[in-house]
Amino acid sequence: RKEVEQDPGPFNVPEGATVAFNCTYSNSASQSFFWYRQDCRKEPKLLMSVYSSGNEDGRFTAQLNRASQYISLLIRDSKLSDSATYLCVVNGGLGQAGTALIFGKGTTLSVSS
Amino acid sequence: ETGVTQSPTHLIKTRGQQVTLRCSSQSGHNTVSWYQQALGQGPQFIFQYYREEENGRGNFPPRFSGLQFPNYSSELNVNALELDDSALYLCASSKDRANTGELFFGEGSRLTVL
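Going line by line, the protein sequences match chains A and B. Counting from 1118, one number per residue, gives the positions in the first sequence under this note's numbering. Counting from 51, one number per residue, gives the positions in the second sequence under this note's numbering.
Accuracy of the hints is not assured; some may be wrong.
To be verified - Keeping only pairs whose Cα atoms sit at most 16 Å apart, straight-line, the calculated EDC-like set for lysine to aspartate or glutamate is: (1) Lys1196(A) / Glu1132(A); (2) Lys1196(A) / Asp1174(A); (3) Lys1162(A) / Asp135(B); (4) Lys1159(A) / Asp134(B); (5) Lys145(B) / Glu102(B); (6) Lys1162(A) / Glu157(B); (7) Lys63(B) / Asp135(B); (8) Lys63(B) / Asp146(B); (9) Lys1222(A) / Asp1124(A).
Said to hold, decoys possible - Over the 10 Å line for every Cβ pair with chain A, so calculated as not near, a few chain B residues: (10) Ser83; (11) Gln91; (12) Pro120; (13) Ser136; (14) Ala148; (15) Asn149; (16) Glu152; (17) Gly156; (18) Gly158.
If you're looking for bench data, these hints aren't it; they were derived computationally from the structure. What you are looking at is a predicted structure, and each value in this text was computed from that prediction instead of being measured. Using N, Cα and C, we set each Cβ at its ideal position, and we do this for glycine too.
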């Protein structure tokens, strides 16, 4: 089982749509959770941290279910500028990886007008 | 900009050669992590350095090695290059080795192995 698994993409949605990304992680000892965004041929950048109680940042809502080892990201009212790859990230790697941040493969979102 | 700088930005090597990639961390950050990102994949963790010592390693062979210097800058060395080593190599710095906060990435070094 991969350490961090994400929905396979791509997601192609029209402007204004609501889209949800799902992610599961394998290490129950993980303590920190994030969503990063990566634009084409650019470096990843933090979109938002994910807290146990769930958290919202404008049009973006992140949820964490520790029992199911599941993380989600909801984007409401999609904009053209939301087109990017969204990376699910978890710390607390397995074995010798220590507390490194482990990235999922990413899910690509394309928003069209 | 994050303040993390990497060099070179692009390079081409041939199989069997060796390469050194460099990274300057953001001011105030004592932890540097290196990632390999192949086309269409997420960043894969190579290793992390905290105060000049390796502090975690991913599933990469020993021909991937690194260093961190007293000013917290870092190098990634890859020996005996293979075609599959072609990728974007990303350096990231953070304030704490537990990685509870944000990682700040450089723009990466794009390596092509022929």
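Going down the list of hints, with the structure as the test:
Proposed proximity of Lys1196(A) and Glu1132(A) is supported: the alpha carbons are some 5 Å apart, at most 16 Å. Proposed proximity of Lys1196(A) and Asp1174(A) is supported: the alpha carbons are some 15 Å apart, at most 16 Å. Restraint check for Lys1162(A) and Asp135(B): not satisfied, since their Cα atoms lie roughly 24 Å apart, outside the 16 Å limit. Restraint check: the Cα-Cα separation between Lys1159(A) and Asp134(B) comes to about 21 Å, which exceeds 16 Å; the hinted pair is violated.
About 14 Å separates the Cα atoms of Lys145(B) and Glu102(B), which keeps this hinted pair within 16 Å; it holds. Between Lys1162(A) and Glu157(B) the CA atoms are separated by roughly 11 Å; this keeps the pair inside 16 Å, and the hint holds. Proposed proximity of Lys63(B) and Asp135(B) is supported: the alpha carbons are some 10 Å apart, at most 16 Å. The hinted pair formed by Lys63(B) and Asp146(B) fails the criterion: a straight-line CA distance of about 34 Å is larger than 16 Å.
Of the supplied pair hints, the one linking Lys1222(A) and Asp1124(A) holds, its CA atoms being roughly 9 Å apart against a limit of 16 Å. The non-interface label for Ser83(B) is inconsistent with chain A: the shortest C-beta to C-beta separation is roughly 6 Å, within 10 Å. Here Gln91(B) does not stay apart from chain A, with its beta-carbon only about 6 Å from theirs, under the 10 Å limit. The non-interface label for Pro120(B) is consistent with chain A: the shortest C-beta to C-beta separation is roughly 22 Å, beyond 10 Å.
Distance check on Ser136(B): its Cβ is at least 15 Å (rounded) from any Cβ of chain A, clearing the 10 Å threshold; non-interface status holds. The non-interface label for Ala148(B) is inconsistent with chain A: the shortest C-beta to C-beta separation is roughly 5 Å, within 10 Å. Non-interface call for Asn149(B) relative to chain A: violated, since the shortest CB-CB distance, roughly 5 Å, does not exceed 10 Å. With a least beta-carbon separation of about 5 Å from chain A, Glu152(B) fails to lie farther than 10 Å from that chain, contradicting its non-interface assignment.
Not every CB of chain A is more than 10 Å from the CB of Gly156(B) (nearest about 6 Å), against its label as outside the interface. The non-interface label for Gly158(B) is inconsistent with chain A: the shortest C-beta to C-beta separation is roughly 6 Å, within 10 Å.
In summary, the structure is inconsistent with hints 3, 4, 8, 10, 11, 14, 15, 16, 17 and 18 from the numbered list given earlier, while agreeing with the others.
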